[in-house]
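Line by line, the protein sequences give chains A and B. Each residue of the first sequence is one higher than the one before, starting from 1 at the first, in our numbering. Each residue of the second sequence is one higher than the one before, starting from 1 at the first, in our numbering.
Just so you know, these hints were derived from the structure itself, not from any lab. Hints are not guaranteed to be accurate.
[Unchecked claim] Ranges between beta-carbon positions, derived for each pair:
hint	chain 1	residue 1	chain 2	residue 2	range
1	B	Ser124	A	Glu7	30 to 36 Å
2	B	Pro163	A	Ala41	21 to 27 Å
3	B	Ile187	A	Asp183	39 to 45 Å
4	A	Ala38	B	Ala170	32 to 38 Å
5	B	Glu7	A	Asp120	28 to 34 Å
6	B	Asp73	A	Lys35	22 to 28 Å
[What the hints assert, rightly or not] One-sided and incomplete, this derived list gives chain B residues near chain A with beta-carbon spacing under 10 Å:
hint	residue
7	Ile6
8	His30
9	Ala38
10	Asn52
11	Pro67
12	Cys68
13	Ala69
14	Asp86
Note that beta-carbon positions come from the ideal geometry of N, C-alpha and C, so glycine has one too.
Listed below, chain by chain, are the residues.
Number of protein chains: 2
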Amino acid sequence: MQGKEIEQLTKLIAKLPALGARSARRIVLHLLKKKESALPALITALQEVSDNVKKCPICGNFDTQEPCAICSDGSRDKELLCVVQDVADLWAMERVGVFRGQYHVLGGILSALDGVTPEDLNISALFERLGKGSIKEVILALPATIDGQITAHYLLLRLKDMPVKVTTLAQGIPVGAELDYMDDGTIQMALSARKEL
Amino acid sequence: MQGKEIEQLTKLIAKLPALGARSARRIVLHLLKKKESALPALITALQEVSDNVKKCPICGNFDTQEPCAICSDGSRDKELLCVVQDVADLWAMERVGVFRGQYHVLGGILSALDGVTPEDLNISALFERLGKGSIKEVILALPATIDGQITAHYLLLRLKDMPVKVTTLAQGIPVGAELDYMDDGTIQMALSARKEL
Chain A
1 MQGKEIEQLT KLIAKLPALG ARSARRIVLH LLKKKESALP ALITALQEVS DNVKKCPICG
61 NFDTQEPCAI CSDGSRDKEL LCVVQDVADL WAMERVGVFR GQYHVLGGIL SALDGVTPED
121 LNISALFERL GKGSIKEVIL ALPATIDGQI TAHYLLLRLK DMPVKVTTLA QGIPVGAELD
181 YMDDGTIQMA LSARKEL
Chain B
1 MQGKEIEQLT KLIAKLPALG ARSARRIVLH LLKKKESALP ALITALQEVS DNVKKCPICG
61 NFDTQEPCAI CSDGSRDKEL LCVVQDVADL WAMERVGVFR GQYHVLGGIL SALDGVTPED
121 LNISALFERL GKGSIKEVIL ALPATIDGQI TAHYLLLRLK DMPVKVTTLA QGIPVGAELD
181 YMDDGTIQMA LSARKEL
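Please model the entire structure based on the sequences and the hints provided.
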């Protein structure tokens with residue numbers, strides 16, 4: 001009844017993260033109503049990304065240049081390496097704009113349940129980078145979940161004999177949060193890591 | 001830091017209905033990770049829709065053929081016309097698959113707040129269709145909101161002197177609903193429209 005082109009597009013959009021059949025139909029209708037403006041602009045933008053964006057061979061970030069803008073930025077600190085799970089985390093760090101070192105994207109974290117082993121992650125490239133000797137500190141900015149902490153622990157063990165300082169992001173109460181709404185684990189962690197003023 | 005192509009695509013996706021900056025970033029990352037599969041398929045599907053889908057000049061539905069598959073389907077009842085607000089409502093009716101007549105999409109409803117007048121809607125084309133004389137019943141399937149009911153009332157007044165039966169969708173308790181969770185208006189409506197068994 002809707003023509004197979006519309007159905008096919010709806011199906012593809014429904015598979016994108018955070019979307020389902022209903023929101024996909026809404027998006028397709030929105031695009032059909034803006035066939036002269038939003039639709040061609042979206043097609044062009046997707047095509048540009050498809051043609052020009054590459055994965056950085058050094059850190060794993062996505063960018064139009066190779067190596068990416070961060071890896072080739074001479075003003076950034078080459079001694080500081082921040083290890084993240086995903087490009088999304090790298091983007092989050094960059095939005096804050098405080099970190100001036102470089103990144104290494106693991107492309108996932110170890111998971112016994114999902115069968116993710118060290119070989120599945122971008123770990124050997126990490127040690128290759130460390131082997132070159134210019135990195136002095138590795139910041140493990142991995143998720144504060146069990147799998148994230150297991151991955152951090154695994155990397156820490158392998159980094160123990162290398163001449164680098166290994167640090168991790170501080171855990172505690174997020175800025176702006178009320179104690180009443182915090183989970184027990186966070187309060188416990190914040191209390192045991194309390195700082196003298 | 002991300003390259004302007006990625007930023008531009010994220011901006012366009014964030015403007016789609018039901019999406020925002022965060023979900024747009026998630027979708028862009030998902031597409032970047034599937035640059036060889038999901039991304040080209042999505043571009044092709046969008047291009048196909050852009051090239052082939054047209055608005056039906058009779059009813060206002062979107063389809064690849066002109067007039068649309070519903071308007072040109074000889075087996076459908078030409079005496080029954082269902083008036084809906086939007087193509088989304090037409091699709092919802094078609095998903096049910098029970099209605100075998102034809103449609104007329106208004107493209108909106110009257111709204112004093114948003115300044116929508118009868119001239120802004122696809123109403124003159126509706127009366128042109130009715131003037132041809134083959135339609136015997138008009139079903140007003142408009143939203144059960146105040147604006148929807150005002151639009152239905154407006155159409156009813158204009159249809160009064162025409163030789164057509166005017167009906168509207170029944171209002172009452174939705175299938176599967178519990179009385180306890182229904183709003184007062186719905187219960188009141190269902191009670192006053194109660195049926196003898």
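Interface hint compliance - Asp86 (chain B) to chain A, C-beta minimum distance less than 10 Å:
8 Å, holds
Take the C-beta atom of Glu7 (chain B) and the C-beta atom of Asp120 (chain A), compute their distance, and say whether it sits inside 28 to 34 Å.
30 Å, holds
Under 10 Å, Cβ to Cβ, is where Ala38 (chain B) needs to be relative to chain A, so tell me if that hint holds or is violated.
This hint holds: Ala38 (chain B) lies near chain A, its Cβ roughly 7 Å from the closest one there, short of 10 Å.
CB-CB spacing for Ala170 (chain B) and Ala38 (chain A) relative to the 32 to 38 Å hint
At roughly 37 Å between Cβ atoms, Ala170 (chain B) and Ala38 (chain A) fall inside 32 to 38 Å, so the hint holds.
Was the hint right that Cys68 (chain B) lines chain A, CB cutoff 10 Å?
8 Å, holds
With 10 Å as the cut and Cβ atoms as the points, is Pro67 (chain B) at the interface with chain A?
The hint is violated - Pro67 (chain B) has no Cβ within 10 Å of chain A, the shortest such distance being about 13 Å.
Can you verify the interface hint for Ile6 (chain B): is its Cβ closer than 10 Å to any Cβ in chain A?
Because about 6 Å separates Ile6 (chain B) from the closest Cβ in chain A, which is inside the 10 Å limit, the hint holds.
Should the interface hint for Ala69 (chain B) be scored as holding, given a Cβ-Cβ cut-off of 10 Å against chain A?
6 Å, holds
Lys35 (chain A) and Asp73 (chain B) - C-beta distance against the hinted 22 to 28 Å
24 Å, holds
Please verify that hint: Asn52 (chain B), Cβ, nearest Cβ of chain A, below 10 Å or not.
For Asn52 (chain B), the interface hint holds, since the closest Cβ of chain A sits about 5 Å away, which is under 10 Å.
Distance restraint hint 21 to 27 Å, applied to the beta-carbon atoms of Pro163 (chain B) and Ala41 (chain A)
The hinted range 21 to 27 Å is violated for Pro163 (chain B) and Ala41 (chain A), with Cβ atoms some 47 Å apart.
Does the beta carbon distance between Ser124 (chain B) and Glu7 (chain A) stay inside 30 to 36 Å, or does it fall outside?
31 Å, holds
Comparing the model with each earlier hint shows violations of hints 2, 11; every other hint is respected.
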